[in-house]
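Chain S is already provided as a structure; the job is to place chain E on it using the hints.
Here is what each chain is made of, one letter per residue.
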Amino acid sequence: MSVLGWVRRAVSALIVGGAIGWVTYEARYSNFGLGDTVHVIRRAVMPDPHVLRIGAWTTTRAAGSADADMFTRAMVARTGLLALNQTETLYFSATHDDSGLPLEARCRYEVTGEAPSAKWWSLTVYADDQFLVADPSHRHSISLKDVTGPFKLLLGPDKRQGLWLPTGRAGGFSLLLRLYKPSSEILKDPTNASTPKISRIGGCL
Amino acid sequence: MRFFLWLVTVLAIAAATHVGLVYATPRIIMSKTMETLAARAGGVNTPNSTPPATVASRAVVKPSPDLAHTACVYDVSAGPVLVSGSPSMAYWSIGFYAANSDNFHVVTSADAVDGKVRIVLANTVNSRSSAATTGLPVIVSPSDRGIVLFRYLVLDAAALADAKRAQATAVCRSLKDGP
Numbered sequence: 001m002s003v004l005g006w007v008r009r010a011v012s013a014l015i016v017g018g019a020i021g022w023v024t025y026e027a028r029y030s031n032f033g034l035g036d037t038v039h040v041i042r043r044a045v046m047p048d049p050h051v052l053r054i055g056a057w058t059t060t061r062a063a064g065s066a067d068a069d070m071f072t073r074a075m076v077a078r079t080g081l082l083a084l085n086q087t088e089t090l091y092f093s094a095t096h097d098d099s100g101l102p103l104e105a106r107c108r109y110e111v112t113g114e115a116p117s118a119k120w121w122s123l124t125v126y127a128d129d130q131f132l133v134a135d136p137s138h139r140h141s142i143s144l145k146d147v148t149g150p151f152k153l154l155l156g157p158d159k160r161q162g163l164w165l166p167t168g169r170a171g172g173f174s175l176l177l178r179l180y181k182p183s184s185e186i187l188k189d190p191t192n193a194s195t196p197k198i199s200r201i202g203g204c205l
Numbered sequence: 001m002r003f004f005l006w007l008v009t010v011l012a013i014a015a016a017t018h019v020g021l022v023y024a025t026p027r028i029i030m031s032k033t034m035e036t037l038a039a040r041a042g043g044v045n046t047p048n049s050t051p052p053a054t055v056a057s058r059a060v061v062k063p064s065p066d067l068a069h070t071a072c073v074y075d076v077s078a079g080p081v082l083v084s085g086s087p088s089m090a091y092w093s094i095g096f097y098a099a100n101s102d103n104f105h106v107v108t109s110a111d112a113v114d115g116k117v118r119i120v121l122a123n124t125v126n127s128r129s130s131a132a133t134t135g136l137p138v139i140v141s142p143s144d145r146g147i148v149l150f151r152y153l154v155l156d157a158a159a160l161a162d163a164k165r166a167q168a169t170a171v172c173r174s175l176k177d178g179p
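Chains as they are written, first to last, in our numbering: chain S, 1 to 205; chain E, 1 to 179.
With the rest of the complex left out, here is chain S (with noise of 0.2 Å):
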């Protein structure tokens, strides 16, 4: 083979390895905007050993903690960067209801459960850009200031009577759920902390 055939195959084997290589990154950390399909099979493909999963909710004991691996560490940045570590606060995140569905900002839910044991928590809902959803009612979250017992949460893009957050209008949405300084039960075993169930009702918008 000649010498420009050498560079050829060179050049093109950087190509093609450097997009595969980009191309699975994405994959791990983003849905690339293709919903579900691409969720479900990035789970399958390449699940995270050090995720937790709890009905619609996982989290990580790794998160901002020095023993972390490095797909640790790019997940929390993308997700979560200046995350405390699990000594003060433990994050639950949901993307999805109980029933596997992607949470879709024009639909409705209701989110059952009990306070978490905790010194403090609170639960916020983010739009897809990680960021707060805008709405003029400029309510994100609840916390332990208005729950302290069993409650029921509406989600959903129009205002509810109650206890009720908006998730904007179109795209995805996501929730957050901080535990700081969780009890020593849930520290031992995250599992053990009582996330809140998430279900559709109603129709979309």
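Because the hints were derived from the structure by calculation, they are not lab data. The hints are all genuine.
Taking lysine to any residue pairs in the SDA-like style, the calculated list, with each CA pair at most 20 Å apart, reads:
1. S:K145 x E:P51
2. E:K62 x S:Y29
3. S:K152 x S:T95
Here is chain E on its own, set in the frame of chain S:
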């Protein structure tokens, strides 16, 4: 044979690219965040206080709408940095983050002495320097630069006023010119 060699090369490059991106992600995002926060504070080793997050808060992903913050980009390359503050009445903590995003230390109101937390942040080189030997606890940062983040829980208007009082006591300054 040539195609097999090409395929092996492609897979090796793909693996290297994937791992390289994963490794670089927290460092690049932290670097950009430090740049943003330092610009807002007017430089490194300078605290900048903000009220609870709103839809306009876009410096860091998933901001908490229930917490006020004081952020400081520290740089201990030229000397240790003093970090201090008085806790607010509700939940309060200071998180220390290295350049690779690790939360390598946390202090809470339980660590306060006479209503105040005072810590010297240093690197492995200057942690034993005269500037660091102030009698205060010394925390060694794994990197020369990073972020110190004070969190103040804000439940209502009274807590917001208390958080503002506590934010005013937040200190983050270099000790290279003395304590």
